[in-house]
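Taken in sequence, the protein lines are chains R and L.
According to this note's numbering, the residues represented by the first sequence are 1 to 150, in order.
According to this note's numbering, the residues represented by the second sequence are 1 to 180, in order.
It is possible that some hints are incorrect.
Computed Cβ-Cβ distance ranges for the label pairs, DEER-style [unchecked claim]:
1) L:R66 with R:R66: 16 to 22 Å
2) R:A134 with L:Q26: 51 to 57 Å
3) L:R86 with R:G33: 41 to 47 Å
4) L:Q26 with R:R44: 49 to 55 Å
5) L:R14 with R:V117: 56 to 62 Å
6) R:E19 with L:N79: 33 to 39 Å
7) L:G177 with R:R75: 51 to 57 Å
Hints in this document: simulated from the structure, not taken from any laboratory.
This structure is a prediction, so every number in the text was calculated from the model and none was measured.
Cβ atoms here follow ideal geometry from the backbone N, Cα and C, with glycine treated the same way.
Listed below, chain by chain, are the residues.
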Amino acid sequence: MNGDIHERARMLIACGEEEPWLAAHLESCAACGEFAGGTERTARALRTIPITAGWSLVSATQMRVRQRARELQLRQERLWAIWICCAAVTLIAGFTAAALWSGLAWIGERISLAAPVWQMSFVVFTLLPTIVTAILLLARGTHLADNEEV
Amino acid sequence: MADENAEIALGLRRRDPDLLDRLIEQYQHRLLRYLVHLTGRREVAEDLFQETWVRVLERGRQYDGRRDFTGWLFTIARNLFVDQQRRRQPRSEDPAELATAATGQPSALELAMQHEQSEQILAGMEQLSAEYREALSLRFQEGMSLEEIAGVTGAPLGTVKSRIYRGLIALEPWLKGAGL
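Using the sequences and the hints, build the whole thing.
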């Protein structure tokens, strides 16, 4: 029990915490008082350890950070370009789809085609590039998988 | 302090290179000292020092200014160290190496007089486990509160207290050797 009190007192001293009973305990316990003094001297000694960053380390770090900042800025600018291209492509695709829809509707009307027929043509026209690309990619993937197995 | 943190957060969001230059200069000694005690090797600490600032630049947008910048900076440094430790195999170290490597050039006569004492303490610190070293360094060198240390290390408050206490006990023979 007594040992616990000393351990508690020393833990409080080490962590720089205070409790009402601690001051009284330190007055009556020489060992804990010595520990408090030692802790204070340790803290002072640790603060005086001269570990300093050299000028070369600081300037090399600043240079590296600036270089990385430039790289990130360039990447950001490229990303912006990609976003603008994507937006432009989406816009153009929208206009093209609208024009295609009107064009096919006009042709369907001219040659008296049933609406579902030219509408199906529109769907095929619109989806054909995606379907072809998907088939090609799948074929390529299968080919790679086959090669891996061998 | 809150204003300063908010200003830093704003600058980091803009990736302001002038602000980073200023921060590197402002925190150079504190960060390096922490890293030297954390890693136990000056050259590793210097590598991590640079990595830390590059990471601050890259992740600066995640800093919201509500937390103290010092704590956030040290957390980044610590996470980098932990990542590095995971990647690397543990190396054998010469206990005397840190003492000679980490002790900088004494800039004044009084520092020269303290040289031997500092070497003793550094040698003692080197004998401690990284967790104790880190806790003592943050507490007594950086003057962080227990809560701040818990924030940096990600350890519960009780663990932080225990590390400081046990670190001090383990360091005692070296301090006596240094005449403290």
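Next on the checklist: Within 51 to 57 Å: is that where the Cβ-Cβ distance between R:A134 and L:Q26 falls?
Outcome noted: holds, 55 Å
Item to check | Verdict for L:G177, R:R75 (Cβ pair) under range 51 to 57 Å | outcome: About 53 Å separates the Cβ atoms of L:G177 and R:R75, which means 51 to 57 Å holds.
Checklist entry - Is the distance from the Cβ of L:R86 to the Cβ of R:G33 consistent with 41 to 47 Å? => result holds, 44 Å
Checklist entry - Taking 33 to 39 Å as the hint, is the beta-carbon distance of R:E19 and L:N79 inside that range? => result Check passed, 34 Å falls within 33 to 39 Å.
Item to check | L:Q26 versus R:R44 beta-carbon gap, inside 49 to 55 Å or not | outcome: With a Cβ separation near 24 Å, L:Q26 and R:R44 fall outside 49 to 55 Å, so the hint is violated.
Item to check | Distance restraint hint 16 to 22 Å, applied to the beta-carbon atoms of L:R66 and R:R66 | outcome: Taking Cβ atoms as reference, L:R66 and R:R66 lie about 28 Å apart, which means the hint is violated.
Checklist entry - L:R14 and R:V117, beta-carbon distance inside 56 to 62 Å? => result Since L:R14 and R:V117 have Cβ atoms about 58 Å apart, the given range 56 to 62 Å holds.
Checked against the numbered hints given earlier, this structure breaks hints 1 and 4; the rest are met.
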